[in-house]
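> Going line by line, the protein sequences match chains A and S. For the first sequence, the working numbering begins at 1 and goes up steadily by one. For the second sequence, the working numbering begins at 1 and goes up steadily by one.
Note that these hints are calculated values from the structure, not bench results. From the three backbone atoms N, C-alpha and C, an ideal C-beta is built for every residue, glycine too. Warning: the hint list may mix true and false statements.
What follows is a set of in silico ranges between Cβ atoms, one per label pair, in the way DEER data are often shown [unchecked claim]:
hint: 1; chain 1: S; residue 1: Tyr20; chain 2: A; residue 2: Met245; range: 17 to 25 Å
hint: 2; chain 1: S; residue 1: Tyr198; chain 2: A; residue 2: Leu24; range: 51 to 59 Å
hint: 3; chain 1: A; residue 1: Met245; chain 2: S; residue 2: Gly64; range: 25 to 33 Å
hint: 4; chain 1: A; residue 1: Arg22; chain 2: S; residue 2: Gly46; range: 50 to 58 Å
hint: 5; chain 1: S; residue 1: Tyr20; chain 2: A; residue 2: Gly52; range: 58 to 66 Å
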Amino acid sequence: MTRHFVGDTVILLGRSLRHITRSLDTIITTTIMPIMFMLLFVYVFGGAINTGTESYISYLLPGILLITVASGIAYTAFRLFLDMKSGIFERFQSMPIARSSVLWAHVLTSLVANMISLVVVVLVAVLMGFRSGAGVLDWLAVAGILMLFTLALTWIAVIPGLTAKTPDGASAFSYPLLFLPFVSSAFVPTETMPGPVRAFAEHQPVTSIVNAIRDLLTQQPVGADIWIALVWCVGILVVAYLFAMAAYRRKIA
Amino acid sequence: MRTDQVLSPAIHVRGLTKSYQKLEVLRGVDLEVERGSIFALLGSNGAGKTTLVKILSTLLKADGGTAAVNGFDVATRAARVRDCISLTGQFAAVDEILSGRENLVLVARLRHLRDPGGVADQLLSRFSLSEAAGRKVSTYSGGMRRRLDIAMSLIGNPPVIFLDEPTTGLDPEARLEVWQAIKELARNGTTVLLTTQYLDEAEQLADRIAILHEGRILVNGTLAQLKKLLPTVTIEYVEKQPTLEDVFLALVGTGAHQRPGTNREGQLQ
Numbered sequence: 001m002t003r004h005f006v007g008d009t010v011i012l013l014g015r016s017l018r019h020i021t022r023s024l025d026t027i028i029t030t031t032i033m034p035i036m037f038m039l040l041f042v043y044v045f046g047g048a049i050n051t052g053t054e055s056y057i058s059y060l061l062p063g064i065l066l067i068t069v070a071s072g073i074a075y076t077a078f079r080l081f082l083d084m085k086s087g088i089f090e091r092f093q094s095m096p097i098a099r100s101s102v103l104w105a106h107v108l109t110s111l112v113a114n115m116i117s118l119v120v121v122v123l124v125a126v127l128m129g130f131r132s133g134a135g136v137l138d139w140l141a142v143a144g145i146l147m148l149f150t151l152a153l154t155w156i157a158v159i160p161g162l163t164a165k166t167p168d169g170a171s172a173f174s175y176p177l178l179f180l181p182f183v184s185s186a187f188v189p190t191e192t193m194p195g196p197v198r199a200f201a202e203h204q205p206v207t208s209i210v211n212a213i214r215d216l217l218t219q220q221p222v223g224a225d226i227w228i229a230l231v232w233c234v235g236i237l238v239v240a241y242l243f244a245m246a247a248y249r250r251k252i253a
Numbered sequence: 001m002r003t004d005q006v007l008s009p010a011i012h013v014r015g016l017t018k019s020y021q022k023l024e025v026l027r028g029v030d031l032e033v034e035r036g037s038i039f040a041l042l043g044s045n046g047a048g049k050t051t052l053v054k055i056l057s058t059l060l061k062a063d064g065g066t067a068a069v070n071g072f073d074v075a076t077r078a079a080r081v082r083d084c085i086s087l088t089g090q091f092a093a094v095d096e097i098l099s100g101r102e103n104l105v106l107v108a109r110l111r112h113l114r115d116p117g118g119v120a121d122q123l124l125s126r127f128s129l130s131e132a133a134g135r136k137v138s139t140y141s142g143g144m145r146r147r148l149d150i151a152m153s154l155i156g157n158p159p160v161i162f163l164d165e166p167t168t169g170l171d172p173e174a175r176l177e178v179w180q181a182i183k184e185l186a187r188n189g190t191t192v193l194l195t196t197q198y199l200d201e202a203e204q205l206a207d208r209i210a211i212l213h214e215g216r217i218l219v220n221g222t223l224a225q226l227k228k229l230l231p232t233v234t235i236e237y238v239e240k241q242p243t244l245e246d247v248f249l250a251l252v253g254t255g256a257h258q259r260p261g262t263n264r265e266g267q268l269q
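Chain S extracted, bound-state conformation (with noise of 0.2 Å):
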């Protein structure tokens, strides 16, 4: 790697713009992701996340404006660039007719490791799939594909991700669970793009949040900088009350993510 990479943001782009037949999508975004980060892009349907990502990960061309990831222009060198990243689409892109061993291994084997089968063996078990590993996708629940989503997306460890809305469709348990492989990613240095219409997933994950609206950034910050752009604090007294989450994850939720206000049994206290 050269310093000029290693300087460079893991993702920068400039005046964007893309437009479907008449539709104007993306009307000049302009972000950077620094190194490491986790960057999360805010916004409603149709405010075109999805088309953003799929530009920086080499699968639409842009009209105009540049992007580059980890230092590549994605037009010029989008090969480079498909070196660096992987991409966790909108829907679990997973083979369903293959087990999720199987899944891992085909991914190993494409991205030309040397020991695929150790590789797939090693994620299933951080992301406890071990006793999953040899049953067909289609048997899976939705937070097991999404789970073995992420783990295909991680293997050969790419310096960037992008994650488009991961969490959309899951129960709130298998949410926490992405959200916890997420989380851990960003701690292994790698550069994590999100994408959600969920506020508190990006309250949750972000290190900088930005908010695209009908195809521009309109702000973008980390949490304190945003909750800033809000006039004078009002201060309220509310009795806290738990969360109808608080009460579901206490009622159902395993051990592994155990709320505060419940005990072992998952009792209320």
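Excised from the complex, chain A in its bound form (with noise of 0.2 Å):
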């Protein structure tokens, strides 16, 4: 029953779209932590950071925003926990439509609800002093590896979302994502860590995430930085679909 893929996924969409326009508190409790980071890091500990840049809001947001797609794919994982649990997944499991196409509403979704946030915490960081002389080109390079980076955890998100038994279950696996941006080079530069800590920093993908973005915003030549990220946000999104969809075999016959 692929033949009603495209449109049945386009219906499922505009319902839980629909959702997201109906809750928007959604949308801003998912960009006020991010924010609140931002405010801390460049108005209390910012003055006494030395990262070798002019302007440390330009240096931070990058991190800033990877912390902002943690924060928003819990609730991915909280919807899709919703649906399961209120029997309308079983409901449209037993309905003579392409089945794949409830799992992707739910990714699209996301995708849309990350992007909206990912706006609005730029926006904010605008009103705090951030500029960028990037052009289009730039700006489009990095909402594709923001679009990449949602999609690889939005996939992730969905194995919690398929299996979990609480709600708190279900958006929990959240919280470790959203410390990795500090064991990174999203705040400081990773020469001051300890070795063992540098060697984990330098190696995990928020940095190579991170620094790709900010050369691209800050204009500076993108070294290997860019590849290396998009190996990692390919690798993940690959790794979490597997599992994920292994995850709704096992829901669906």
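Dock the two chains into a complex; use the hints.
The following block contains the structure:
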């Protein structure tokens, strides 16, 4: 029954986008934590942090954007969990529709919701003095990396969304993801970290993604970081997708 | 529709088994449901009713045996089965954030009907939900939710409908409303398989009743046949007292559910 895949996905996407526009508070709560971090680091810690750059907010913004996505996908898992719990997921699965479009609608909704949150956070950063001379192509590249990162994390979120027994269980997985940027180049240069921490920081995905976005926004030549970042994002995406589909098949015959 | 599908029973189950790890839920279930009839599957909690309904509605795979709906095997021709069924699960599967009308339009669009809005409006009035049509479902009462839930299942006129404990958790008034809706379905030729743990519900609605116990069908027959299973009737004279349900409905009942023994104002005669 793939004949209606696109049409059915569009209909179901319309449904879950309506959920978002009717509960805009989820977008606001998603952006509150990253904005608080941004205020805290720029106005409290920032003065004491030496990054070797002129503007700390420009240094910090890429990491804040990743935190925004990590907090946003908790809602992706939560929305999917509610559909499982309420039985509406089963209702859709017993109807003559393209079955996988139910999952894809959630994934695309996650993408849209996170993009809105990211725009809100960037606008707040602009109010706080963030400026970039990056051109359209640079911004498109940044948007592309962030979308890929969101997709990868969204497929991770699908797993607890499908399997969790409680709402807390559905969203708890995002906490470790929120703290990964702290042990990376997102807030401070990794050079000052002690050996093992530095080794971890420099080899985890957040550092290469942050560096790539930062280089694009500050018009520095983008080095190997962007390729490492892309490999990480695609790798996480593929592995998470496979595990999510396995969880999905266990749920639905 | 081919001839063999018309002649075959609406639901045909042979030797169906299903286990969750070591727990055997279904241990060889056989049953047949005739077209256009109401079939009640009676059983206590954990008897396997929901598991059976989930297998028939292609949400679960059986371990052994065969099951066919409308002539299509649920394992090998699941997509064709989904074309001709509707499932109303144990909990009203409605979208809380959408309005009642939006819920109906959503299902009508997913079923690729030509006039989703028209279909929705017709069902809203049929299930007395027109006034609440534009309200968020989260503001609905339990009975209204269930009515909406059943209305959503009727979209596209599927020939076979599964109702899994359709009245569990409803107040007596809402229960009567749901019963009314189910009777009307069968009158229009829809085959209904319903599960229930309420004996009176099976008595009220079903053409045939099967009792599912510990994963097997214990008995299967009409109400009259089941009654004959017990030894000779003993005749006792009992003063006919109104049941508490009669009293409750007489006091709070609306005109639509007037019971014998009350007048129009709902006063006891």
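> Each hint: holds or not?
Each hint, compared with the structure:
| no. | hint | result |
| --- | --- | --- |
| 1 | S:Tyr20 to A:Met245: 17 to 25 Å | holds, 22 Å |
| 2 | S:Tyr198 to A:Leu24: 51 to 59 Å | violated, 43 Å |
| 3 | A:Met245 to S:Gly64: 25 to 33 Å | holds, 26 Å |
| 4 | A:Arg22 to S:Gly46: 50 to 58 Å | violated, 38 Å |
| 5 | S:Tyr20 to A:Gly52: 58 to 66 Å | holds, 60 Å |
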